[in-house]
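K.L.:
Chain residues, written in single-letter form:
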Amino acid sequence: MAAIADSVALEPAPTKPSRGYWGSVLQRLRRDPVAMVALGVILLIVLAAVFAPWIAPADPFKGSMIRRLRPIGTPGYPLGSDELGRDMLSRLLYGGRLSLFLGVMPVILAFGIGSTIGIVAGYLGGWINTVTMRTIDVFFAFPSVLLAIALSGALGAGILNSIVSLTVVFVPQIARVAESVTTQIRTRDYVEAARISGAGGFTIVRVHVLGNVLGPIFVYATSLISVSMILASGLSFLGLGVRPPEPEWGLMLNTLRTAIYNQPLVAALPGAMIFLTSISFNLFSDGLRSAMEVRQ
Amino acid sequence: MIIGEPAPPPGGPTRDRGGPGQPLLSVKGLIKHFGQKKGFLTKAGPVVRAVDGVDFDVAKGETLGIVGESGCGKSTTARLVMQIIKPDAGEILFDGEAVGSRALELNAFRRQVQMVFQDSYASLNPRLTVEDTIAFGPRVHGATRRAAATRAHDLLHRVGLEPARFAGRYPHELSGGQRQRVNIARALALDPRLLILDEAVSALDKSVEAQVLNLLLDLKDEFGLTYMFISHDLNVVRFMSNRVMVMYLGKVAEFGPSEALFETPRHPYTGALLASMPSMDPDARTEVAPLAGDPPNPINPPPGCRFNPRCAKSAALCAHEEPTLLAAGEGDHRAACWLVDPSSGHPRLAA
Amino acid sequence: MLLYILKRIVYVAPVALGVSLVCFMLVHLAPGDPLTAIMPVDATAEQQAEMRTIYGFDRPLPVQFGIWLGKVLTGDLGVSIATGRPVLGEVARAVKNSLILAAVATLIGFALGSFFGFVAGYFRNSVMDRLASAVSVLGVSVPHYWLGMVMVIIFSAQLNWLPPTGAGPGGSADWRPDFEHLRYIILPAITMSVIPMGIIARTVRALVADILSQEFVQALRAKGLGEWGVFKHVVTNAAPTALAVMGLQLGYLLGGSILIETVFAWPGAGFLLNAAIFQRDLPLLQGTILVLAMFFVSLNLIVDVAQTALDPRIQRA
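Residue numbers (our numbering), protein chains in the order written: chain A, 1 to 296; chain B, 1 to 351; chain C, 1 to 317.
Incorrect hints may have been included.
To be verified - Here are some of the chain B residues that sit facing chain A, going by a computed Cβ distance under 8 Å:
id : residue
1  : V140
2  : T144
3  : R145
Unchecked claim - Beta-carbon label-pair distances, calculated as ranges:
id : chain 1 : residue 1 : chain 2 : residue 2 : range
4  : B       : R102      : C       : H28       : 25 to 35 Å
5  : C       : Y11       : B       : L326      : 45 to 55 Å
6  : C       : L21       : A       : G158      : 45 to 55 Å
Since the hints were made in silico from the structure, they are not lab data. The C-beta atom is built at its ideal place from N, Cα and C for all residues, glycine as well.
With the hints as constraints, model all of the structure from the sequences given.
P.N.:
See below:
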């Protein structure tokens, strides 16, 4: 066949092995020092929270009325003690468990629910899309902080209510992004080609749509974790999330407000942890986005 | 079919139903208007008459070329035939059966008609390997993973891409010509009878274009295919087609055997198109004025003959009454021009 | 233009209706009988029965929504359980204070953010650019309630320069533009300005970089226009979008101020909301959220229309 000879002669194939899209994203991400440091910090915080029972020097619940508000560096209290004489280091380690859970869980749930809503609305189009997106517009009429507080305020304090409220805040945001990327993908020629090869809607979404939309939605969702951490701890800070004496960074920040005159550094510690986690997620998400943006 | 037979379509092995005399595709009175319908709070918007009453048929084993400037409705016609968009009116018969009828359900029709798009990159899923892209169609129609992969490798071989080297590649690792070969292989994967090539080579470099055209000719013989070849490039259409349909603003301006149409165009629009075509041959220059200006807006087509505002031979008659397709010369050569109707009273006929 | 404004209003109307529906549902989301939710704990049986007929709690939800909406449209947001005063009056006073704080914060954020953004956009990849992008990442990542605490620790507890909480001396509940009150607004306003500062810096940087890379700027330079002239061109081209972002930020701050207002005990809408939540004063909660959300919706509308009017490039007939 002449055609084979032509193509081989004119278009020599590169010898390097094919790497999938995610492979090349991962490789670019690995070359981004900021994103890698951020990822390292996140892993460290997560590991510290997971292994808190083994590494914490003291019981996070056991207080001492005579050893209240010790400064940082006190023997036996490396990061001082709180207003009830509990070891700050242990409470910060244990606090990461709830804070991370409350911050990450709503984003995971909203990613699942919001992607489904957005992809279905985007793929189906028509009046279903219009109704869905107009409903979502209603939720965009509330600033996120206001909506989160309004919902948890109405539902009442508690871990579950806090997660539910924040999930409701993020679902419309993720759904809107999912709808917009799906609407773009839906009109691509390859989706049309799949349709004319007789594939049903479900198969097309599974093979041709999901692979192309989940990436951008995922990146958007990672950028929400930072906001979610701040909001979740904020709800606890207001007394709408975790109840005392449970260790949680936002709640700890609230109860330590009385200590800003005696032990300002100790009082600021839980907030610093929220800040560190939030900025790490933000920087990692930025790195992930630029690693994925490169046109392949 | 010698190797890699696809899963036999449930329609049965007797695929040719009407015999060689029956057109493979027959299109009658096809109409598609795009536009905003009147809805709640919205006024009815302007209507684009993309395809406005088109009839043609495609004989078994031939290549029908469709030419025209951009916006003339040739791509819309392809998408209507493909059932990607629904026509407002008109009938599409495939081998004598109405598409979507009980005798020929949509899925059975789709297995027999496939399409290659212009943009070789946009028509390949960037997240799938070449093999997965080609194997997708057979998988949808129930082939096993192994059978679909075998089929994909076989087709890669036939479109001139060495399977061992190309099967695992992603679209961005291929050149434009290689990608279009993959698209052709994907279209062939369901063993279709009719292949619609919508500007399939227009985006390629000239040297690559020639290779792909030759490949298409080879494949046509090898698989016994029928082509609808859509292009704005007259040279390419002439090279590929048995018969040619010239479209202007959603209507058929001229239709006829390739040689007759290119040698003795009967519609002034075809003449103008040919005249504006770059030619290497100094003797081939014609007296017809080349086309000036852009085609008029399909939202508001001019009354009478749609070409009359740009036509060098236009007369008062042309602005009032719209000509229909009439026999003009040998075979089924037809043109929609008053000049082919001796009784029309067009002043040029008297002269 | 008038047609465009009308179209936008028609488009906003269903959103506003949806917003009021969400606010209405808040009371019904609350666990337990909505009646007990909106009544003092020690209410008598007659009072309860009276309330039940007033609010129509025995009727189907859509009917209740209709009744409630009718009252809202006439300015009746119900009565606060805690104070027994009409909700509208309470909310109006608080929103005024919030608006002052949010406006001052937005102006600070806009001034600093524009400065950082301009410098970063003009000298891309310079040290200033890196600094500006660091500032904007910090601005969106910092828990602002914690930042507020840190500000109080530094400027009130340690340095004793500024008052830590309140809107004015002696627990003044109304902010006035005099020197004493000015001292009280500095810390919360600066804390609050960090968020819009980061976002405006990011926006302005992208705008300036984009405008400078466009051909007409090259053409202006080639025609011999000085740097000052180029700068003026950049400002006029970047201003509509930057101002639109500023307007939207004002809305976000007004609605999202609850945490900062709590830290600084600023007698605004956020602080009122906090009080409403802890006294389970649901009419007050509902009313405050409705007013804030409607404010946000209107602000979006105004920004959208103003941006279209200012920017000749946007044609949205």
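K.L.:
Now tell me, hint by hint, if it's right for this structure.
P.N.:
Consistency of the hints with the structure:
1. V140: Holds, because the Cβ-Cβ distance from B:V140 to chain A comes to roughly 4 Å (cut-off 8 Å).
2. T144: violated, 16 Å
3. R145: Result: violated, 13 Å to nearest chain A Cβ.
4. B:R102 <-> C:H28: 25 to 35 Å: At 52 Å between Cβs, range violated.
5. C:Y11 <-> B:L326: 45 to 55 Å: This hint holds: roughly 52 Å between Cβ atoms.
6. C:L21 <-> A:G158: 45 to 55 Å: violated, 25 Å
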